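Given next are the chains, with one letter for each unit.
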Amino acid sequence: MSGASNFAEGVDLAFYVIIGISVFFLVGITAVMIYFVFKYNKKRHPKADTSITGSVKLEIIWTVIPTILVLVMFYFGWAGFAPMRDVPEDAIPVKAIARMWSWTFEYENGKKSDKLIVPKDRPVKINLVSVDVIHNLYIPAFRVKEDVVPGRNNYMWFTANQYGSFDLMCAEYCGLRHSYMLTTVEVVNNEEWAEWMLTPEGESDLDRVAAGFNVIKTNGCVACHSSDGTKLVANSFKGIWGLDRKVVVDGKEQTIKIDAAYIRQSVYDPNSQVVLGYNSGIMPSYIGMISDTEVEQLIEYIKSLGGDAQ
Amino acid sequence: MTAIPHQKLYVDFFHEKRGLASWLVTHDHKRIALLYFYAISGFFVVAFCLGLLMRLELIAPGETIMSAQVYNEVFTLHGVIMIFLFIIPAVPAIFGNFVLPMLIGAPDVAFPRLNLVSWYLYVIGGLLALSTLLYGDRPADTGWTFYAPYSVKTGTNVTVAVLAAFILGFSSILTGLNFIVTIHQMRAPGMTWMKMPLFPWALYATSWIQVLATPVVGITLLMIVAERTLGIGLFDPSIGGDPVLYQHLFWIYSHPAVYIMALPAMGIVSETIPVFVKKSIFGYKVIVYSSLAIAFIGYFVWGHHMYTSGMSGPARIIFSILTFLVAIPSAIKVFNWISTLYKGSIDIKPPLLYALAFIFLFTIGGLTGLVVGALATDIHVHDTYFVVGHFHYVMFGGTGFAFIGAIHFWYPKIWGRMYNLKWANIGFTVLFIGFNLVYFPMLVLGMMGMPRRYYDYLPEFTIPNLVSTVGSWVMAIGLIIVIVNLINGRKGPKASTNPWKSVTLDWTHTQSPPSLYNFEETPVVTRGPYDYRDYEEYIKNES
Numbered sequence: 035m036s037g038a039s040n041f042a043e044g045v046d047l048a049f050y051v052i053i054g055i056s057v058f059f060l061v062g063i064t065a066v067m068i069y070f071v072f073k074y075n076k077k078r079h080p081k082a083d084t085s086i087t088g089s090v091k092l093e094i095i096w097t098v099i100p101t102i103l104v105l106v107m108f109y110f111g112w113a114g115f116a117p118m119r120d121v122p123e124d125a126i127p128v129k130a131i132a133r134m135w136s137w138t139f140e141y142e143n144g145k146k147s148d149k150l151i152v153p154k155d156r157p158v159k160i161n162l163v164s165v166d167v168i169h170n171l172y173i174p175a176f177r178v179k180e181d182v183v184p185g186r187n188n189y190m191w192f193t194a195n196q197y198g199s200f201d202l203m204c205a206e207y208c209g210l211r212h213s214y215m216l217t218t219v220e221v222v223n224n225e226e227w228a229e230w231m232l233t234p235e236g237e238s239d240l241d242r243v244a245a246g247f248n249v250i251k252t253n254g255c256v257a258c259h260s261s262d263g264t265k266l267v268a269n270s271f272k273g274i275w276g277l278d279r280k281v282v283v284d285g286k287e288q289t290i291k292i293d294a295a296y297i298r299q300s301v302y303d304p305n306s307q308v309v310l311g312y313n314s315g316i317m318p319s320y321i322g323m324i325s326d327t328e329v330e331q332l333i334e335y336i337k338s339l340g341g342d343a344q
Numbered sequence: 021m022t023a024i025p026h027q028k029l030y031v032d033f034f035h036e037k038r039g040l041a042s043w044l045v046t047h048d049h050k051r052i053a054l055l056y057f058y059a060i061s062g063f064f065v066v067a068f069c070l071g072l073l074m075r076l077e078l079i080a081p082g083e084t085i086m087s088a089q090v091y092n093e094v095f096t097l098h099g100v101i102m103i104f105l106f107i108i109p110a111v112p113a114i115f116g117n118f119v120l121p122m123l124i125g126a127p128d129v130a131f132p133r134l135n136l137v138s139w140y141l142y143v144i145g146g147l148l149a150l151s152t153l154l155y156g157d158r159p160a161d162t163g164w165t166f167y168a169p170y171s172v173k174t175g176t177n178v179t180v181a182v183l184a185a186f187i188l189g190f191s192s193i194l195t196g197l198n199f200i201v202t203i204h205q206m207r208a209p210g211m212t213w214m215k216m217p218l219f220p221w222a223l224y225a226t227s228w229i230q231v232l233a234t235p236v237v238g239i240t241l242l243m244i245v246a247e248r249t250l251g252i253g254l255f256d257p258s259i260g261g262d263p264v265l266y267q268h269l270f271w272i273y274s275h276p277a278v279y280i281m282a283l284p285a286m287g288i289v290s291e292t293i294p295v296f297v298k299k300s301i302f303g304y305k306v307i308v309y310s311s312l313a314i315a316f317i318g319y320f321v322w323g324h325h326m327y328t329s330g331m332s333g334p335a336r337i338i339f340s341i342l343t344f345l346v347a348i349p350s351a352i353k354v355f356n357w358i359s360t361l362y363k364g365s366i367d368i369k370p371p372l373l374y375a376l377a378f379i380f381l382f383t384i385g386g387l388t389g390l391v392v393g394a395l396a397t398d399i400h401v402h403d404t405y406f407v408v409g410h411f412h413y414v415m416f417g418g419t420g421f422a423f424i425g426a427i428h429f430w431y432p433k434i435w436g437r438m439y440n441l442k443w444a445n446i447g448f449t450v451l452f453i454g455f456n457l458v459y460f461p462m463l464v465l466g467m468m469g470m471p472r473r474y475y476d477y478l479p480e481f482t483i484p485n486l487v488s489t490v491g492s493w494v495m496a497i498g499l500i501i502v503i504v505n506l507i508n509g510r511k512g513p514k515a516s517t518n519p520w521k522s523v524t525l526d527w528t529h530t531q532s533p534p535s536l537y538n539f540e541e542t543p544v545v546t547r548g549p550y551d552y553r554d555y556e557e558y559i560k561n562e563s
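Respectively, the protein sequence lines represent chains E and A. Numbering of the first sequence is given in my numbering, commencing with residue 35 and proceeding in unit increments. Numbering of the second sequence is given in my numbering, commencing with residue 21 and proceeding in unit increments.
Fair warning: there could be bad hints in the mix.
Claimed, not checked - Facing chain A, a subset of chain E residues (Cβ under 8 Å, in silico):
hint, residue
1, D83
2, D181
3, L310
Claimed, not checked - Listed below are the simulated PhoX-like cross-link pairs for lysine-lysine, each with C-alpha atoms no more than 20 Å apart in a straight line:
hint, chain 1, residue 1, chain 2, residue 2
4, E, K77, A, K369
5, A, K442, E, K76
6, E, K77, A, K363
7, E, K159, E, K146
8, E, K81, A, K363
9, E, K265, E, K286
10, A, K521, A, K560
11, E, K77, A, K521
12, E, K145, E, K159
13, E, K286, E, K272
14, E, K73, A, K363
15, A, K363, A, K560
16, E, K77, A, K442
17, A, K369, A, K442
18, E, K76, A, K369
19, E, K81, A, K369
20, E, K280, E, K291
21, E, K91, E, K73
22, E, K76, A, K521
23, A, K369, E, K91
24, E, K73, A, K369
25, E, K81, A, K305
26, E, K129, E, K149
27, A, K560, E, K81
28, A, K442, E, K91
29, A, K363, E, K76
The hints are simulated quantities; they were obtained by calculation from the structure and are not laboratory data. These numbers come from a predicted model, not from an experiment. Don't be surprised by glycine CBs; every beta carbon is placed ideally from N, CA and C.
Based on the sequences and whatever the hints tell you, model everything.
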């Protein structure tokens, strides 16, 4: 996988050096081993040469050469790593807030987002904040990773040098939905970024999204509805917002749009309009269990998982 | 040691007394070794099956056979059993117990009753760990590392699991203590330190780690219990603690513990190769010193598990350079083993196959260790599947293969029978191929950036995961062949006393199976442990 940050070159060079030396030794050791096993096989070589018990010269050689080689490898490891601790003064500060199991990014002017939006070719310093347990912010394409430790002010920085969307994951095990604690880094050009930064957001959509996730978690919805497109017992929440779906009403097919009204009805009277292909009678009504406000939050959450109405 | 009571002569240790009770109160090191063998093998099979279930879940993205919560519990239990109940005790407690006294010409270990106590502690700890499945809300879901503050916050059965690990620690400490005293006090006349075989040397280095490092993890685990029950604020920042402190304390033990797992396995390889090559191990003294060097330097490298924890830059650099230094003695061992083959008379038997496979797989484990030991590359692969692949190459490819090799090596000594050699070779081959199919794709996944402990994954990681899961079935078939062949071997042909024609005391001076106190009379050592000059004559005269 090609790298997309200022560190990629140094890290990849260290990979090439270490893996190169390693493959050389692995192949060498294995080849010699196999050669000896054939050449000095009992059939060809019935009598062992018992006079050989060691060689000071060889021991020195194979102590000194590996020592030099590991120091070389250490050097490349260090050289690729050292700049990661040396943050430029003009780096754009971003606060990454990690919680079980989502990310929020907060920028200098108070703007928040669930994806990390950064400009190309400008250094960005991420201040890592956890509100619960240890997480780890990992962007494979940038070759950066640092633990997000509650109570500690860890940080990382990078300069993205390619446009595009790159995976950002949690790499420190943090419980149930650890493997779903994913988002992306969006690398945009500087003007786009500045414009985006200045767009006001009103109230933060993000808190409502997080609250919506809490609704589906605490009410057990996740047992049947996935958030990642997986078809469990029921429709996944992912990517359904605004789609047209065929539903069955009183035994007859009709097409509806998945909108706020449909979601509200599906929460309170789930069996009235069941999407074709799914069974009716499985989901209970949530009247009295999920409030109107919580339905609003749920809708924000479903919207945040994508769809084509926005 | 002084004379051995005469009425015990020629009675094999199996049949000295009969019945379950005679086994459960035995002081005999060989019977205790077999008690360990059955308990440890049982736990291994359980954890191996858990591993198969994990691989099956990961065959494709999304849910396959279990929910995320169950998956998290399964990988925790897999790790806890494999680390604390299999790989740490396997070689020392089974083969250390069985052959250490015989290799140094002693009738038993120094403290036979303490030895039995260690086994009971092991069983109690093991059952306690498994009992977490049966009560409380859920089994622990923290991973075997029990990282705070998650382990403090989770509602699962962590307290009991941690106490189980604490008790197992004591089993390990007492075994280590027993071996140190045995090696110091009970070597046969004439066996100077530099005439001692290499497996005892490896156990000696290991035992010091067990005695000195295990208490640290014991204390740390108790601190977790105190944190959970009393809320005293050691590790949980919300009550004033520091989670990174936990990691330091944990790895101060758990990195040296890696050498508790690896060193005895290296000892087995050093013990096996000369027997099937019929010449002295190359560079005996260097191998001895390299074991001691690994045990010593191994104490100072724990920080390499924490490069991304937020440690200061200089601390990361110091831990990295020390990590590279600990690679050197391991490399030296590999070169010496290979050189032992030179101008030998090599007889490819199953134990040697496992030893050679150890060299190959352990070398991959060691070399991938350099990738995670270097700073820049570790930042990329830390906490990814690369690490999972790396430590399985070291632990399973290294210690696991050495362990299975050791069973094949000492099988005729322990049971006095010989297994089917052809099926042993077939089992080995399938296991070896399956192993690489499982773990090599993990190295690739890690380079691609797939984090470990992931229940579900992005679509780009699908193919290596599929290969790895299919490999797990091949590996399982290999293991089944190996186990069935070994079980059938109990009814196999009677083995001669010294079928491999070894010159160490365990083969030359004891019967197969050995008598209760091993030796008819205390042997007097005049030759080096791997002196194969005129060995056929020597073996004939001695036995």
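Checked hints:
Interface hint status for D83 (chain E): upheld, as the beta-carbon distance to the closest one in chain A is roughly 4 Å, under 8 Å. Hint on D181 (chain E) holds. Least Cβ distance to chain A is approximately 5 Å, under the 8 Å limit. Interface hint at L310 (chain E): violated, since its Cβ lies 22 Å from the closest Cβ of chain A, which is beyond the 8 Å cut-off. Restraint check for K77 (chain E) and K369 (chain A): satisfied, since their Cα atoms lie roughly 13 Å apart, inside the 20 Å limit.
With a C-alpha separation of about 18 Å, the suggested pair K442 (chain A) and K76 (chain E) falls inside the 20 Å cut-off, and the hint holds. As the CA atoms of K77 (chain E) and K363 (chain A) are separated by approximately 13 Å, the hinted pair is consistent with the 20 Å bound. A hinted pair counts as satisfied when its Cα atoms are at most 20 Å apart, and K159 (chain E) with K146 (chain E) qualifies at roughly 16 Å. Between the alpha carbons of K81 (chain E) and K363 (chain A) the distance comes to roughly 9 Å, so the proposed pair stays at or under 20 Å and holds.
Distance restraint check for K265 (chain E) and K286 (chain E): the Cα-Cα separation of roughly 24 Å exceeds the 20 Å cut-off, and the hinted pair is therefore not satisfied. Distance check on the hinted pair: K521 (chain A) and K560 (chain A) sit about 10 Å apart at the alpha-carbon level, within 20 Å; holds. As the CA atoms of K77 (chain E) and K521 (chain A) are separated by approximately 17 Å, the hinted pair is consistent with the 20 Å bound. Taking the CA atoms of K145 (chain E) and K159 (chain E), the gap is near 16 Å; set against the 20 Å cutoff, the hint holds.
Proposed proximity of K286 (chain E) and K272 (chain E) is contradicted: the alpha carbons are some 26 Å apart, above 20 Å. Note on K73 (chain E) and K363 (chain A): the hinted pairing holds, with a Cα-Cα distance of about 8 Å set against a maximum of 20 Å. Between the alpha carbons of K363 (chain A) and K560 (chain A) the distance comes to roughly 24 Å, so the proposed pair goes past 20 Å and is violated. Restraint check for K77 (chain E) and K442 (chain A): satisfied, since their Cα atoms lie roughly 18 Å apart, inside the 20 Å limit.
Distance check on the hinted pair: K369 (chain A) and K442 (chain A) sit about 9 Å apart at the alpha-carbon level, within 20 Å; holds. Of the supplied pair hints, the one linking K76 (chain E) and K369 (chain A) holds, its CA atoms being roughly 11 Å apart against a limit of 20 Å. Of the supplied pair hints, the one linking K81 (chain E) and K369 (chain A) holds, its CA atoms being roughly 17 Å apart against a limit of 20 Å. Restraint check for K280 (chain E) and K291 (chain E): the C-alpha separation of about 9 Å stays at or below 20 Å, so the hint holds.
Only pairs whose Cα atoms come within 20 Å are accepted, and K91 (chain E) paired with K73 (chain E) is rejected, the gap being roughly 24 Å. Straight-line distance between C-alpha atoms of K76 (chain E) and K521 (chain A) comes to about 14 Å, which keeps the hinted pair within the 20 Å bound. Note on K369 (chain A) and K91 (chain E): the hinted pairing is violated, with a Cα-Cα distance of about 31 Å set against a maximum of 20 Å. Under the criterion of a C-alpha separation no larger than 20 Å, the hint pairing K73 (chain E) with K369 (chain A) is consistent with the structure, at around 16 Å.
Straight-line distance between C-alpha atoms of K81 (chain E) and K305 (chain A) comes to about 24 Å, which puts the hinted pair past the 20 Å bound. Taken as a hint, the K129 (chain E) and K149 (chain E) pair is honoured in the structure, with Cα atoms around 12 Å apart against an allowance of 20 Å. Proximity of K560 (chain A) to K81 (chain E) is assessed by CA-CA distance (about 18 Å); at most 20 Å being required, the pair is judged to hold. Pair hint K442 (chain A) plus K91 (chain E) does not hold up; C-alpha atoms about 40 Å apart against a cutoff of 20 Å.
Distance hint between K363 (chain A) and K76 (chain E) is fulfilled; the C-alpha atoms sit about 10 Å from each other, no more than 20 Å.
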